[in-house]
Each structure stands twice: as structure tokens, then as C-alpha cells.
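Chains as they are written, first to last, in this note's numbering: chain A, 1 to 300; chain B, 1 to 331; chain C, 1 to 344.
The reader is advised that the hints may include incorrect statements.
Residues from chain B shown here face chain A by an in silico Cβ test under 10 angstroms; the list is partial [claimed, not checked]:
#	residue
1	Leu87
2	His90
3	Asp100
4	Asp106
5	Ser183
To be clear about the criterion: a stretch of chain A counts as covered by chain B if any three or more of its residues have a C-beta under 8 angstroms from a C-beta of chain B, and this derived list gives those stretches [to be verified]:
#	region
6	122–129
7	192–200
To be clear, the hints were calculated from the coordinates, so they are not data collected in a lab. C-beta atoms are modelled at their ideal positions from N, C-alpha and C, and glycine is treated no differently.
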Amino acid sequence: MADPVVVSGGVPLGTAAGIDASTARGKRGRRPNNYLLVGGTLVVVLALLSVLAPLLAPADPNALGSGSPLLPLGAPDHLLGTDMLGRDQLSRLLYGGRITLLAGFSAAILSAVFGVLLGMVAGFLRGPVDSVIMRVLDVLMSFPFILLAILIVAFAGPSVFHALLAIAIANVPFLARVIRGETLRVREYEFVVAATALGASRTWILLRHVLPNVLPLVLSVLFVNVGWMISQTSALSFLGLGAQPPTADWGTMLAEAQSYMALNGGVAMMPGLMILLAVVGFNLFGLGLKQILLPEDGAR
Amino acid sequence: MSDLLRVVGVKKYYPVGRPRLGRRRPLLKAVDGVDLTVRRGETLGMVGETGCGKSTLGRTALGLVEPTDGEIWFDGKNVSRLSRAQLKDHRKEVQVIFQDPMGSLDPRMTVEQLVGEGLAIHGIGDRAERHRVVADMLERMGLSPSVMGRRPAEFSGGQRQRIGIARALVLRPKFLVADEPVSALDVSIQSQVLNLLAELKRDFDLTYLFIAHDLAVVGYISDRVAVMYLGKIVEIAPTADLYKNPLHPYTQALLSAIPKPVPGQRARAILKGDLPSPIDPPSGCRFRLRCPLAQRICAELEPPLQEKENGHLAACHFAGERIAGFQEFVK
Amino acid sequence: MTASDPSVLLQVEDLRVWFDTPTEVVRAVDGMNLTIRRGETVCLVGESGCGKSVTGLALMRLIDPPGRIQEGSRITFEGNDLLGLSEKQMERIRGNDIAMVFQEPMSSLNPVQTVGAQIVEAVRLHQDVSRKAARAQAEEALALVGMPSPKERMGNYPHEMSGGMRQRVVIAMAIVCRPKLLIADEPTTALDVTVQAQIMELLERLQDEFGMSLLHITHDLGVVAETADRVAVAYGGRVVEEGSAAEIYGHPQHPYTEALLRSIPVLGMTHTQHPLSVIRGMVPGGAHWPSGCRFAPRCDYSFDLCAEYPPMVDLSSGQSAACWLCESGPRSLTTLPTAGLADV
Chain A
1 MADPVVVSGG
11 VPLGTAAGID
21 ASTARGKRGR
31 RPNNYLLVGG
41 TLVVVLALLS
51 VLAPLLAPAD
61 PNALGSGSPL
71 LPLGAPDHLL
81 GTDMLGRDQL
91 SRLLYGGRIT
101 LLAGFSAAIL
111 SAVFGVLLGM
121 VAGFLRGPVD
131 SVIMRVLDVL
141 MSFPFILLAI
151 LIVAFAGPSV
161 FHALLAIAIA
171 NVPFLARVIR
181 GETLRVREYE
191 FVVAATALGA
201 SRTWILLRHV
211 LPNVLPLVLS
221 VLFVNVGWMI
231 SQTSALSFLG
241 LGAQPPTADW
251 GTMLAEAQSY
261 MALNGGVAMM
271 PGLMILLAVV
281 GFNLFGLGLK
291 QILLPEDGAR
Chain B
1 MSDLLRVVGV
11 KKYYPVGRPR
21 LGRRRPLLKA
31 VDGVDLTVRR
41 GETLGMVGET
51 GCGKSTLGRT
61 ALGLVEPTDG
71 EIWFDGKNVS
81 RLSRAQLKDH
91 RKEVQVIFQD
101 PMGSLDPRMT
111 VEQLVGEGLA
121 IHGIGDRAER
131 HRVVADMLER
141 MGLSPSVMGR
151 RPAEFSGGQR
161 QRIGIARALV
171 LRPKFLVADE
181 PVSALDVSIQ
191 SQVLNLLAEL
201 KRDFDLTYLF
211 IAHDLAVVGY
221 ISDRVAVMYL
231 GKIVEIAPTA
241 DLYKNPLHPY
251 TQALLSAIPK
261 PVPGQRARAI
271 LKGDLPSPID
281 PPSGCRFRLR
291 CPLAQRICAE
301 LEPPLQEKEN
311 GHLAACHFAG
321 ERIAGFQEFV
331 K
Chain C
1 MTASDPSVLL
11 QVEDLRVWFD
21 TPTEVVRAVD
31 GMNLTIRRGE
41 TVCLVGESGC
51 GKSVTGLALM
61 RLIDPPGRIQ
71 EGSRITFEGN
81 DLLGLSEKQM
91 ERIRGNDIAM
101 VFQEPMSSLN
111 PVQTVGAQIV
121 EAVRLHQDVS
131 RKAARAQAEE
141 ALALVGMPSP
151 KERMGNYPHE
161 MSGGMRQRVV
171 IAMAIVCRPK
181 LLIADEPTTA
191 LDVTVQAQIM
201 ELLERLQDEF
211 GMSLLHITHD
221 LGVVAETADR
231 VAVAYGGRVV
241 EEGSAAEIYG
251 HPQHPYTEAL
261 LRSIPVLGMT
271 HTQHPLSVIR
281 GMVPGGAHWP
291 SGCRFAPRCD
301 YSFDLCAEYP
311 PMVDLSSGQS
321 AACWLCESGP
331 RSLTTLPTAG
341 LADV
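If we strip away everything but chain A, and leave its shape as in the complex, we get:
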């Protein structure tokens, strides 16, 4: 019986049997990407909970006295207990999560857009443009982010929107730096010279060559950043500079929880736990994404 001949690239490689023998031993699947799995699960679950909050919440999150105050975890009708004012914690967490997650995500996107823009322009054009942009960003970076955020919120007035804006601005320098570094690396490649030789304008090169090559880094950093932004916007809310009552996000809930910590420990821990899960989830997801988009074997 004729063994089928395997052909690759127009060159016969040999019979199928011959090749199978050599590849059979040592055939292993790719290592499962654990970060992506765990992180992804957390992210998806949190996202779903937020989106489905109106369906899942048993009560109105702002309704005072929907239950007796300070009910513990597992109480009937109030799965995650109630706070001092008798508000159902589960509902508050679900609705609060929407705000926290959305704020963190928006801040990350905003930060990324400006960071990429400034970083790419600075890294690609170099010279005086680069110097000016980087010095301005340096000044911005030299403020501890909290002070910067407080400053911005102090001017604009406390609200979730201002808080996320402040966080986004405070983080632009870091992202811009990273992107600038990557741009510097990419622009040295000969394919950039090749594009110039073809007649491409600098804008063309930036958009068609630099951006696509810089994007994998951006995407993988973006998700890790979301985690970071979540914790920072929560911090601002915790300090009273973010969400204003009656709206609550996990940050403000954390602040409130301080007061009944000793009385209803389990319930008080919940906002903090949620923040932790969100941050860890996004971090892991970002790391997992990095493994896919930026393989270490230098394939790019």
C-alpha cells in the first residue's frame, strides 16, 4: 500500500509514516494559560454581575431600612447583610460595582488614548517635540498621584467623573513612557525605512506601521491598568472625593464600612474583598494577555 507523500512548500517531505514517527514522540499541547483563565473568569463574572445588577439585586440599594440594620451575612432576604442604615449590601455591592468597574475601565481607556498619542508622537518625532512632551509629563509624574488627583478634584468638585478624570491624567505619563520606549524600538526597524522609501508620509508610517506594532503592548498593559485604576478611583472615593452620597461605589462603601467593622465584621469586609477580586482579576487577565500577544520567543 502506497504511503501518501506529504508535500510542503512544493517540496515533498517524505511519506506520512516517516513524519509521524518523528513527531509522535514529544507532541505536547501548549501550556495552558492559567493567568488568562483565572483572570478572565473573574473579569467576566464581575462584568456580568454589573450588567445584570438590576435583575440580580433583591432590593433598592438606596432604600433605607429595607431590612433591620446590621444584619449579618447569610441573613434571610439579605444575603450579604445590611449596613448601619439597613440598606441591603448585596444590592449596594452590585450597583456600586457598576460604578467602580466603569470608572476604572474608562480611566484606563482615557489614559491609554492620550498615553499612546503622546508616547508615539514623542518617540517617533524625537527632537524638540519629544523633549517638550517628556518634560511636561515628567512634571506631571513628579506629583504623587493622590495629591494630583486631589488638586484636580478640588478645582472641579468631587464626583465620580472628576475622580476618574484625575486618575487618568495622573497615569498618562507612565503609559506614555512605556509607549514611547516601544515606539523608539519599532522605528529602528528597516520596514520603517522601507515605507519611507515607498513614499509614505510620517502620518502613514505612524498609523500603519508604528501603531499596529505598538498595540499589542498597549492592550496587554491596558488590562493591568484597569486593575490599578480601580484601586485608585476607589481610593479617591474612600477619601470622599469620588462618588458622592447617595450614589455609592465600592470605595465609599469601604469608607462607611469602617464605622461598623467591629459590629458586623463579615459584612464590612465585602467592599474590600470585591475591590481585591477586581484588581487581581484584571491584573491576571492582563498578564495572561501579555503572554499571548508578546511571546518571549521573539517571534515578533
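Based on the hints, put chains B and C in the right spot on chain A.
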């Protein structure tokens, strides 16, 4: 006009080190006064070792690097004086292929996007037409159009190089600068690409500037060869003349040093010392520190590039003298 | 020839080095046979993917996982089984009896140590001598490799030197303990032609002085012709032809060798008069060697017998080739392009 490219007194200097207040930085003189013409339809080869400036000269001729001094004339136009729009048009006429098949192709683009990029930039044809042109060109390169959707990483070095050539030729240039096009390829692939380049020259009516460090490769494909050393041309002649009768001692040393695939041949004329740096070249003749023929005049007066025999120019006070150990090797 | 032949320094039999990657097994070296005699220069020549570099590393037992020297491989050095030695015993051999020089001198040298310190280290690893004596040896080694002003150079750092000088330093480190065998993996490929000539002359001189054997691994057929006593042509992880330099270049027997020689431009050839021949297809890569003769898919002479791997056939003079065409004696070929060059 039979001269397609004219390089007139081109210099390219790079300041070295950080800018310091009140002090001029030392200059790296990559190209230090080169006059060159490339005639329509010819292949001019340029050889030299590291630091000789051949690559920089090639890029300057392309308009990719702006010369510190001097002018580039292409087909009667002064390239150094073109407006932005005119320069963009000019790019369609002069193209380049690179040494590194990996780095010269954007890894994120498909073959179709890569090869068709020139057409897209200049707004030539609509999508369907471009697709057709790219497919035709790939076939011409010996690649199946079915690979248009793949990315560079899936191809071998030789194939990537052919993709690069397709990209350059899709704009139908008149002039092609090949910057070490085969140095990074395996020996058996080199011949494929060299043969391809020779064919394409005929079929597309091209003029080549072929830059390489391998004298055998350059000699194989070129009509005339220029030898560069430390930013200047030291000898230029029709290929056969250069190889049979090298006038400049550096050319003799280069030819002597190349290992030939004939057993029993040994490099006899070996130069002393290392390649000098283009920062601060020696006074007078730049080659004198390594030259076995050097005399006092060499330090005092820089020898000009002059015609010594018909069409054969050399820059040496003692052009034609043989250095010790050099032997004719071509029958 | 048996391993007990005293003129044989190194004998490699059926060497297999396989790399276990997550998706496939790459059989980089797959049955390599090689013999190196005392004082001789053997050139192992081939293109990328033929296994020559991995062979060099295997001889020094420098193969790291996922690569592994397979069971059944034999490497005998001066009659002793090299693969059976412990790591400690192997350390005593590396740099001492067998030394290696690589293509990129910058990656073999420690950028934060002076050149002198690195050679001294090489000495003190193998000899129980005082620091002063070691420095003296190091200086002597630098002088031996043709370094101008060796004493001053001892204090230089690698980045202060040119490529040619760095390669000399690396060679100095390799020969300071007078090894019996020097393995040079593409030692001149990264250097300019005029510097390359200097280094090759240096290696020849060192060999003459110390009676050292040289395994020169390269892809450059010109370099091989100039330096080799014996040539081994590698393809597909194995040696496909072996012989003296004169034999290989004068009448190559294996179609791959012949095709290679016809595809390189030689000084004096022009494309109008001597079109280069082309080897169609590409090297399939160590994970996909075809069964049967590995060159057959690209060979102009292949026929039905080629579906089975041909044995190495001994031809009269000492040349041997692994090709069915040679079974009934040496092949005669049309003139090779190198015939156009003047003899010395």
C-alpha cells in the same frame, strides 16, 4: 541623457557624542566627497568593508538620508531641491531592497498589504486592481498568489527577500538600490536571488546600484565596480578590468584576501592593522596607514580619483604597482 | 580505522542530537560521523539547518535541554568515551584539551572584565599556578595571536577593541592551555574580508606551532578550500560526503556538494557567461526530514532508489559519499566553474 543617477560631491557627516556647550563634536565622516554616475541600464557594484560608507551613500542616493554637502541628480532633476510632493513622486522611480529579510518587512502586515503598500500610498488603482497587480508580481517572483494572506514569519529568508523585491518593483521604478541583498541568505538561496535579480533587470528595464561586501557576488552581477574605503571611492572600473588589473593597493589586498573555492590558494597579501574608524581619518591618503606602498607623499597629498586607463579610475599616487604577495588569479 | 588508531584524536560515531520542543522533535544532528586526526584541519561545511553548529557544541557537551544527545551516540577523544564522563571530568577537558571559538566574539567575552583578566581566568581554571605566572601566560598568548602591544592590551575592555582584535582575544583564551583540538564555529563570518584573512593565517600558524587539530565549522566554501585538509559536507543532520579538499573541489561526488559548488559565484564569473545553478526547494528543517535520502526532493538526479537512505560509499582515494549513484564507482562530471581560476 544616459546618466540616470549623478552623485556630485556628496558628503555625509554625523556628529558624535553628546552636544557640548562651546565645543564642536567630533565628526564621523561616513561619506567624504563622492562623485559618481550610474548610466541608464547598467549595474554599478559598490564594495568595501565596514565603515567605508557604501550603505550611507546608497541611502543618500535614494533620498532617505540628507547629505551634509553635495547634490544628487536623478534623470536630470536635482533631488535635493524637490518639494515634498515632487519627492513623493520621485520615490516611485527609485526603490530599494534591504539586507535583512526579517527586519525589512512589517511582521504585522500580510504579504498582500506589504507588496501593495506602494500602490496604496500613491493611490494607484482600486482594491481589486491592486490585488491583481500584487498577485502578478508575486508569481513573477516564483511565489504562489495563494500566500498573499500570510505574514512574513511564515516564510523563509529567501522567500522574504523575494517579497521585498516584489514590493520594490510594484511601483515600476527605473532605479533599484540593492543594499546587501544576499548577505543574510544561505549559499544555495543566494544563487536563486541573484539569478532573479539578473532576470528582473532585463524584464523590467532596470538600473541597479548593487552594494555588497562580497567581491565575488558583486563581480558576478555588475557591469562596473566601485571600491570604497573610509568614505571615498578609491577605484572604479568595468568589472573585468577591475578584477584582472586592480590598480589601487586596497583593491589588490581585497582581492587577495577573498577565500577562493580552489584548494591550495592562500591569501598572500595580508594587510596589517585594523579597519580604521571614519571619525578622524588620516591626513593625505586615508589608506596609507595600512598600505604596503605608502611613501611620504601619501601623508602630504591626498591622491585624487583620476582616470588612469580607459574608463578605469583610481585614487593612488602609485596606481598600478603591485603590492607584495598579490597574484593575478583570473585567467 | 578503529578508535585505537593513535593518529585519530577524535572520533564521532552516529551522533544524534534531538531537540524536544512543545510541538515537535527537531533532529538537528541525526547520525553524524566524523574523524579528526592529530594536527589536521577538518572543515565541517554546510548551510543553516545541516547540524554543523550543534555538532560542535555536542563535542564539548554544551547541549542544554530541550536538546539532548541521544543514546547510541559515541564520541571518543584520545580513545576515551567523552559521553561517559562526569560533568566535573568534562570541565577539565573543556578549555584545556578541547577548546572552542565562536562566531561572535562580543558574546563570548565578558563586557565588564578586562581582556587580561579573562585569559588569566582561563589559565587558572586548568592550571595550579600563581596569579603572576598566569598573567605571564596570558600575555604570551596575546603575543602569540599577533596582538600588537600585548602588555598594554591586557588592561583593555572588550568594547575598546575592534572585531578582529576581539576575535584574537577569544582565540588567545582558547589556546592558552595548548588544547589538542580547537573547534572554531564560523570564526570569521562576522569579520571583514581583510581581517578574515589575518585570522585565518593566525589559525594556520597556531596549528603549525602546536600540532593542534582544528575542526573548522563554516558555510563558506572559499574558506574551506583554503584551510582544509579534509572536508566533511553536512546535510540533513548527517555527513553526505567526505574527502580531501582537492577531491571535494576537483571531483565532488555527492549531488549536493556538486550543486553547492555550482551555485556560488566565484571571482571572475559573470552572470552573462556563467549562469549560477540553483538548488530548488529549501531545507525542510530538522523536524521534517524526508524518509530516504534527505537531499532527494531537491536533487536533479534523484531516482527510485533514493526512497531508501544510501550508505556512505568508499570511493577509491579516501573520498566517500552517501549517494546511490556512487555505488558502482566515482561519477564523472562536467567542468566545474572553479576550473576558470588560475592555479597557484
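Sort out which numbered hints this structure fails and list those numbers smallest first.
5, 6
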